[in-house]
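Protein chains in written order, with our numbering: chain A, 1 to 102; chain B, 103 to 590.
Hints were generated in silico from the structure; no laboratory data involved. The beta-carbon is built from N, C-alpha and C at its ideal position, and this holds for glycine as well. Hints are supplied without guarantee of correctness; some may be wrong.
What the hints assert, rightly or not - Reference excerpt, derived from the structure (chain B facing chain A, CB under 10 Å, subset only):
hint, residue
1, E258
2, L260
3, G261
4, L268
5, A282
6, H286
7, E301
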Amino acid sequence: MSTAFLYALVGTGLFALGLYALIVHAHLLRKILALNIMGSGVFMVLVALAKRTGDAPPDAVPHAMVITGIVVAVSATALALTLMLKLNAKSGHAELPDDRRE
Amino acid sequence: MGAVFTEFPWGVILILLPVTGGILCFLWPQIAKITGLFIVFVVALLVVGLAWQIFNNGVYRHAVGGWGAPLGVDLYADGLSLLMLAITALVGMGVSVYSAAYFKHEQAAQFWPLWLLLLAALNALFLSADIFNVYVTFELMGLAAVALVALAGSREALGAAMRYLLAALLGSLAYLLGVALLYHGFGTVDIALLVERAEPSPVIWAALGLMGAGLLLKTALFPLHFWLPPAHASAPTPVSALLSALVVKASFYILLRLWLEIFDPLVGGAGVEQLLGLLGAAAILWGSVQALRQTRLKLLIAYSTVAQVGYLFLAFPLVAAAGVSAWSAVTYLVLSHALAKAAMFMAAGNLLCFGGHDRITDLDRVVQRLPLTAAAFALAGVSIMGLPPSGGFIGKWLLLEAALMQGRWDLVAVMILGGLLAAGYIFKVLGYAFTQADISHESKAVPASMEWTALLLACGAILLGFLAVPVLSLVGIGDPFGIGEVRP
Chain A
1 MSTAFLYALV GTGLFALGLY ALIVHAHLLR KILALNIMGS GVFMVLVALA
51 KRTGDAPPDA VPHAMVITGI VVAVSATALA LTLMLKLNAK SGHAELPDDR
101 RE
Chain B
103 MGAVFTEFPW GVILILLPVT GGILCFLWPQ IAKITGLFIV FVVALLVVGL
153 AWQIFNNGVY RHAVGGWGAP LGVDLYADGL SLLMLAITAL VGMGVSVYSA
203 AYFKHEQAAQ FWPLWLLLLA ALNALFLSAD IFNVYVTFEL MGLAAVALVA
253 LAGSREALGA AMRYLLAALL GSLAYLLGVA LLYHGFGTVD IALLVERAEP
303 SPVIWAALGL MGAGLLLKTA LFPLHFWLPP AHASAPTPVS ALLSALVVKA
353 SFYILLRLWL EIFDPLVGGA GVEQLLGLLG AAAILWGSVQ ALRQTRLKLL
403 IAYSTVAQVG YLFLAFPLVA AAGVSAWSAV TYLVLSHALA KAAMFMAAGN
453 LLCFGGHDRI TDLDRVVQRL PLTAAAFALA GVSIMGLPPS GGFIGKWLLL
503 EAALMQGRWD LVAVMILGGL LAAGYIFKVL GYAFTQADIS HESKAVPASM
553 EWTALLLACG AILLGFLAVP VLSLVGIGDP FGIGEVRP
């Protein structure tokens, strides 16, 4: 098993871990962090799989994709944090309103 | 003169203009309304220009910056993309005129930049030729849409926007992981190149699972629809119309594209179509029953969207034998639902503005007091129920015919039951609209432009029922459904 493949596997693991945390945790900050970890997992897969064969220089296109992805992730996180703060200011707690209580 | 028009890069301007307009509206909020309206109408003209170009030159392809497919970002438009751009421009104009009267002061200053950015993202999405670009446009669209939902400012709206954002981001990340796998497997993100290189392999299945799950979550197919009703119901009315009419269709469009071009030739017939059809049938029944149970008008309309999305997925199991007529049905359902649902949300917004509430049982003789709005709701309802003559009828009829031809009585039963339930929830609203409520409320005047735009869009959904031949021949340009013929 090559190192690059190992990195890709770890990336998939991070994705799964983030998904689990996104579902089980109620606090919005934890959900936002979980999404960021999922994103990091995807980026890691992209970077790791860019190295195709032994000594050849890695493919640069996935790296460009990761840069784009990071920009998107930063903006999305900023929007999510702002929304969380606004929701906290209105309702007093940073959790999603539960469907069953309505 | 003609050469200038046929060579003009309409697609590029379709994306750049709304982005520029959005920034202008953000910098100078005083002129936001005028700028916004102007740009939306210019975008509509640009779509006409692009249509003219496609009629003359065939499929539109533009290499941005002159780089070309493997490395650069290509723009691509065939008949299907053109129809989606056209419906976006049409609904966009209606929503813009409506919003000009609906939003006041500060809210207007926040609405116009976000709406123009959303428009740019939608146009870019329908013009995208590579799957990574689609991811970027999804994120642009999602962020703008979430911010628009949060504009309402209430606690429900903020909670719904948050839930919507989490669902949209999760969908995008699953999609992106699928893109990573496809790129690793076949060394390209360009859809046309992927079609040439892709071959059946575990990578294809993994990518289909991830991208499919992400797109279904964004399209809100049952049981992944949980985020849709609160977000669509608590957003400001013009935003609800945009979300239900256009944003949900955008992810469906990508799903359809990827399925038709990449996945269907490789994994078709392995049961994925049947699963999508089953979920679609469940969505129709569940969404319609939930709509019938709602006491608030906007929630009822939002659940109706969940049900109508289900119809789009019924086509997947029927295509193998029915071929193009099932895809024509889908195209028709997408177009007519966009017009009818936008009109319906606008009518609901008028009632909300008129009476200050949207409780269905307290609709106090609105038929006499707001006849245009009531007519808009009823006409949009005709298309949603699928009664002739309307766009919804053509779509559902083509679908029903395909199901009957193949003896899929289960799907026929679901479609008929869905139609009856839709009639149930629409007549429930109309019934209360005719009668006097127990408690009468103070009413406020509704601007005429808000009533007329709702009525005009509803009339558009009906008119679509008479335009089947031109629309269906338009969608065949560039052969998006891979059948090699233009007419069904």
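Verification of the hints:
no.: 1; hint: E258; in the structure: 7 Å, holds
no.: 2; hint: L260; in the structure: 4 Å, holds
no.: 3; hint: G261; in the structure: 4 Å, holds
no.: 4; hint: L268; in the structure: 6 Å, holds
no.: 5; hint: A282; in the structure: 5 Å, holds
no.: 6; hint: H286; in the structure: 4 Å, holds
no.: 7; hint: E301; in the structure: 18 Å, violated
The structure shown violates just one earlier hint, number 7.
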